[in-house]
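Undergrad: Letter by letter, the chains look like this.
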Amino acid sequence: MSLAEAIRERDVSRLPSRRDEDWRWTDLRGLIRQAPEPSAPLAADRVGEGPFSSLAGRTLVVANGRGPASLQIEGEAVIAVDFVSGGDGGHAASLSLTVAPGATLILLESYRGEGGYLSHAALSIALGEGARVERVVLADASADAVEVSQAEVALSPGAAFAQTLLTNGARRQRIETRLSHPGGQAEARLDGVYLLAGKRHADLTSVVTHAATHGATSQLAKGVVRDQARAVFQGRIVVAEHADHTEARMGHHALILSDQAEVDAKPELEIYADDVACAHGNSIGVLDEEALFYMRQRGLPEGQARALLTEAFVGEVIDRIGHDGAREIARAWAAERLQA
Amino acid sequence: MLKIENLHARVDEAEILKGLSLEIPAGEVHAVMGPNGAGKSTLSYVLTGRGGYEVTQGSASLDGEDLLALAPNERAARGVFLSFQYPLEIPGVPALTFVRTALNAQRKARGEPEIAAPQFLKLAREKAAALKIDFDMLKRPLNVGFSGGEKKRMEIFQMSLLEPRLLILDETDSGLDVDALRIVSEGVNALRGPERSMLVITHYQRLLDYIRPDRVHVLSGGRIVASGGPELALELEREGYERYARAA
Chain Y
1 MSLAEAIRER DVSRLPSRRD EDWRWTDLRG LIRQAPEPSA PLAADRVGEG
51 PFSSLAGRTL VVANGRGPAS LQIEGEAVIA VDFVSGGDGG HAASLSLTVA
101 PGATLILLES YRGEGGYLSH AALSIALGEG ARVERVVLAD ASADAVEVSQ
151 AEVALSPGAA FAQTLLTNGA RRQRIETRLS HPGGQAEARL DGVYLLAGKR
201 HADLTSVVTH AATHGATSQL AKGVVRDQAR AVFQGRIVVA EHADHTEARM
251 GHHALILSDQ AEVDAKPELE IYADDVACAH GNSIGVLDEE ALFYMRQRGL
301 PEGQARALLT EAFVGEVIDR IGHDGAREIA RAWAAERLQA
Chain R
1 MLKIENLHAR VDEAEILKGL SLEIPAGEVH AVMGPNGAGK STLSYVLTGR
51 GGYEVTQGSA SLDGEDLLAL APNERAARGV FLSFQYPLEI PGVPALTFVR
101 TALNAQRKAR GEPEIAAPQF LKLAREKAAA LKIDFDMLKR PLNVGFSGGE
151 KKRMEIFQMS LLEPRLLILD ETDSGLDVDA LRIVSEGVNA LRGPERSMLV
201 ITHYQRLLDY IRPDRVHVLS GGRIVASGGP ELALELEREG YERYARAA
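Residue numbers (the working numbering), protein chains in the order written: chain Y, 1 to 340; chain R, 1 to 248.
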């Protein structure tokens, strides 16, 4: 992967730039003038505990790019993968997960750190026939960091993959998911929530490719931006020729709470098959002033009314998280960031 | 209780209220009737502090306190409740959660302790039963997908839990069939009391068969142009607003 190579070889000319169509709203080349030194190993006392450690049977720590490279999952497992970064260096990590046919994995992934680091994480997740994976990603990066996480997900027939990304952005951040969908009753859910303030930037990009018949994909992303924050949503669903009876739904809805905040959205359905049920919806708006007045008339102070409306807005996505403990952590995370 | 004197208000550049005066003593129910465009909804919004309305002259006070100087939520905490003509949908917020949050916000503003969840639930069950509201409906997001009648019932439900001192009903009968009108009116009548005043805003006399007013006022051209007993409503129903439109 070129980004990992660019970091390892300290070659800024290989960073993605606005000239790459796919990266035009998340330009790294223009932002990073000089390649950072390689990150030193992170001292054990700076690692601390990840947000999901109490829920997981097993926690893998990837500290400044150093951690396990692969994992096989059989039976049922709840695994936390905690990416921790520190300092101003650059690092890249890759992790490959293989989920055996019929196995069930709850993957609780977190990103956190302090400093102006440049980090890259490459995940590859392969699901065997009938395997089930729920992936919940909580990204709570440093405001000074540049962070890219790219996941390649490969489903087998009859498998189910459900994902919820939760992020408050970074100096520049991209969380990307590329999913190859074999049809054959396999199901994918790709959800996301971004809550951005200050000058933070988050980019949720996904590409789902339906290669054969009878596959389903459902996507719901919602976000709230304030101050001078900027969000990017790029969702593409490709339905290949002859991938009939594909069902795909994509929704992206954003609230902009300040004049200087920005949301760039590019939902795309590319359909080459004839017999499919696909739909997408995209909206970018402000809080409903009429609803706010109604709530205030019932006694809610303005700040509380705004917080309740925005929490409810993103709550629709959080409610779709299947794992109870992860859902509660997600809800608390959102509430904390939306309090007036 | 409520005292409005020489109230002038405008929306954008248009003056809608042009010297409205009205007094509702504690315990009384007053109806304000008038043709479309007379300023009925403007009156309810000015009293509750909705944005976009500018008061240029006059005053409105509740028990001597200047209402117009208070934020909408502060007016609510002092007991002003507006039953909306078109209640808003609040997606993602269950009706019960909404009412409990509102009640506790009001209590907090008045320096009272919050109501505990079990106590609130018990109270909510009683009030819902009295208004023939299915309790499961209260777990759904407030007003989302509710029929017109259900939304009005939810307004009365909230009113009965929040126990306001001044109730403003804005066209509460619109969109209600006779059965729903009866249930809603019974809910309102159950709240009548010596410490509570009501301002019933309506275009039609029909609602006043169910919620019987002590006084009836005619609002036309932004002012109260006539006042009388309940018989005035019947006269308006018979003869229309034509005469008062000219008087304005």
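Hints may be right or wrong, so weigh each one.
Unchecked claim - Just the calculated beta-carbon pair ranges, DEER-fashion: (1) Y/Lys199 <-> R/Glu112: 33 to 43 angstroms; (2) Y/Asp227 <-> R/Asp63: 34 to 44 angstroms; (3) R/Val55 <-> Y/Gln260: 25 to 35 angstroms; (4) Y/Gly303 <-> R/Glu23: 31 to 41 angstroms; (5) R/Glu231 <-> Y/Arg320: 54 to 64 angstroms; (6) Y/Asp20 <-> R/Arg125: 57 to 67 angstroms; (7) Y/Asp88 <-> R/Arg110: 24 to 34 angstroms.
No lab work stands behind these hints, which were simulated from the structure alone. Glycine residues also receive a C-beta, built at the ideal position from the N, C-alpha and C atoms.
Undergrad: Quick check on a hinted range of 24 to 34 angstroms for aspartate 88 of chain Y and arginine 110 of chain R, using CB atoms only.
TA: Violated: the Cβ-Cβ distance is about 52 angstroms, outside 24 to 34 angstroms.
Undergrad: Return holds or violated for the Cβ distance of glycine 303 of chain Y and glutamate 23 of chain R against the range 31 to 41 angstroms.
TA: holds (35 angstroms)
Undergrad: When you take the CB atoms of aspartate 20 of chain Y and arginine 125 of chain R, is the distance between them in 57 to 67 angstroms?
TA: holds (59 angstroms)
Undergrad: Taking the CB of valine 55 of chain R and the CB of glutamine 260 of chain Y, does the distance hold inside 25 to 35 angstroms?
TA: Taking Cβ atoms as reference, valine 55 of chain R and glutamine 260 of chain Y lie about 33 angstroms apart, which means the hint holds.
Undergrad: Could you see if the CB distance from aspartate 227 of chain Y to aspartate 63 of chain R stays within 34 to 44 angstroms?
TA: Because 42 angstroms falls inside the window, the suggested range holds.
Undergrad: For the hint 33 to 43 angstroms, verify it against the beta carbon of lysine 199 of chain Y and that of glutamate 112 of chain R.
TA: At 42 angstroms between Cβs, range holds.
Undergrad: When you take the CB atoms of glutamate 231 of chain R and arginine 320 of chain Y, is the distance between them in 54 to 64 angstroms?
TA: holds (59 angstroms)
When held up to the earlier numbered hints, the structure conflicts with hint 7 and nothing else.
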